[in-house]
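Novice: The primary structure of each chain is shown beneath.
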Amino acid sequence: MSEQKIAKEKEPMFSAKVLKLLKNPLNLENPVTVQVLGICSALAVTVQMKPAIVMALSVTIVTAFASLIISALRNTIPSRIRIIVQLAVVAALVIIVDQVLKAYVYDVSKKLSVFVGLIITNCILMGRLEAYAMANKPWPSFVDGIGNGIGYGLILVIVAFFREFLGSGKFYGMSVIPKVFYEWGYMDNGLMILPPMALITIGVIIWVQRSRTKELQEK
Amino acid sequence: MQHSNKYIFIYSIIMVVVIAVSLTIVAVKLKPAQEDNIRIEKMQNILSSVNISTTEIPKKQVIDVYQKYIKVALGVNNKGEVVEQDAAKIFTIELANELKKPVEQQILPVYIAVLDGGDSANIVPLRGKGLWGPVWGYMSFKTDFNTIFGTAFDHKGETPGLGAEINQDWFMKPFIGKQIFESDGKLVSISVVKGGAKPDDIHGVDAISGGTITSKGVEKMMLDNLTNYEAYFKKHMTK
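Sequence lines, in order, name chains A and B. So in our numbering, spot 46 of the first sequence is number 46, and the numbers just go up one at a time. So in our numbering, spot 135 of the second sequence is number 1135, and the numbers just go up one at a time.
Just so you know, the hints here were simulated from the structure itself, not pulled from any lab data. Possibly wrong hints are sitting among the right ones.
[As the list claims (entries may be wrong)] Below 16 Å or equal to it, Euclidean Cα-Cα: the simulated EDC-like pairs (lysine to aspartate or glutamate) are:
| no. | chain 1 | residue 1 | chain 2 | residue 2 |
| --- | --- | --- | --- | --- |
| 1 | A | Lys111 | B | Asp1154 |
| 2 | B | Lys1178 | B | Asp1206 |
| 3 | B | Lys1129 | B | Glu1219 |
| 4 | A | Lys110 | B | Glu1041 |
| 5 | A | Lys111 | B | Glu1041 |
| 6 | B | Lys1142 | B | Asp1116 |
| 7 | B | Lys1042 | A | Asp107 |
Pulled out of the complex, with its shape left as it was, chain A reads as follows:
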């Protein structure tokens, strides 16, 4: 028993295997562009950069800690009610995040409004819990949660960057397009603010990613 413990401690915290858990969701196993999960919030909160970043952080935190908790409990969770247990843990974490946002970043929480609550139904979460955390040790599960949260957030921020830049001529709330451009007749594209353009932006990102990555191309 004690030998086993020592052996466990010797395994480095950031072994190649663990690092892969962080890196893969950014590209090859990206939850949004490859697995096409979590699309609904990706459409809704990407009008501006700030809410997108807060949403990305919230999802990352919730996924990581839900994975950690579920993984720590995985041997005690009765398999017949495991989905309920997962949901209860996720729901509790989401409510905590929502309350914290309301208390400390009120204006952002107003913008995110219902979407923080909808993290509960974000497919990425349940997918990672069911597919990974239920079968792996807490630490890798935690890293896996962070990796997937960042993978999701990365796409959100990219989409938000283009929508905010083209839709309202701003970058993180600051006007970046010089006044003279508008005087010459340049106009912000109001269409970018509407949800359909988020879908199209994600489509373009998927297209670019697929054409650059050999592994993702179907024969």
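Chain B: place on chain A using the hints.
Specialist: Chain B only, in chain A's frame:
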């Protein structure tokens, strides 16, 4: 792994209790901060209706600014009588709740701001319906209770780029200087005119193209709410 029913029951009971306790602790701990945010937001809205912007200053200072300018708060009824003078109590009145009561029981808030130049402005809250949900705001009047001094509108979830524009300056600024009473004393409020109001129309402003239902909602909100205040306004009007 198969577990017995007893295990499952005990497991779920413990889980629910643990979660309930931790959520309760979080909610209780964070409640004061959340309530402060809501109060400060209300103060910011009231202040912006007298054209004092507080979005750039730290949250904590908003309270000081509010106390500096908003000197009096009154609760009036629809006959124009003052029925409540406790400012703290009036601040907690939610217009949405008052409007659900029978007309004679409603207590309607009026805030009086004393501005830098010594002028005062009378602020009334407004609440109505837009296209997708509630719209609300504050509107301030000069001492003649007729000329609009400033407005602050907001909404829950109007269409971005269309109805949601009601909280933008280009929509709110034209209200300033308009008048709500005809010269014979009839309350006409302000019409939101589709296709653009005439420049010399002192009772009309431009509607939002593509946001007609929201624009009409704002128009109806103003008329409905100002009707409640009509008696009070007429009593205190300076000719």
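Novice: Hints first: check each against the structure and report whether it holds.
Specialist: Against the structure, the hints come out as follows:
{"no.": "1", "hint": "A/Lys111 x B/Asp1154", "verdict": "13 Å, holds"}
{"no.": "2", "hint": "B/Lys1178 x B/Asp1206", "verdict": "12 Å, holds"}
{"no.": "3", "hint": "B/Lys1129 x B/Glu1219", "verdict": "10 Å, holds"}
{"no.": "4", "hint": "A/Lys110 x B/Glu1041", "verdict": "11 Å, holds"}
{"no.": "5", "hint": "A/Lys111 x B/Glu1041", "verdict": "14 Å, holds"}
{"no.": "6", "hint": "B/Lys1142 x B/Asp1116", "verdict": "14 Å, holds"}
{"no.": "7", "hint": "B/Lys1042 x A/Asp107", "verdict": "13 Å, holds"}
Of the numbered hints stated above, none is contradicted by the structure.
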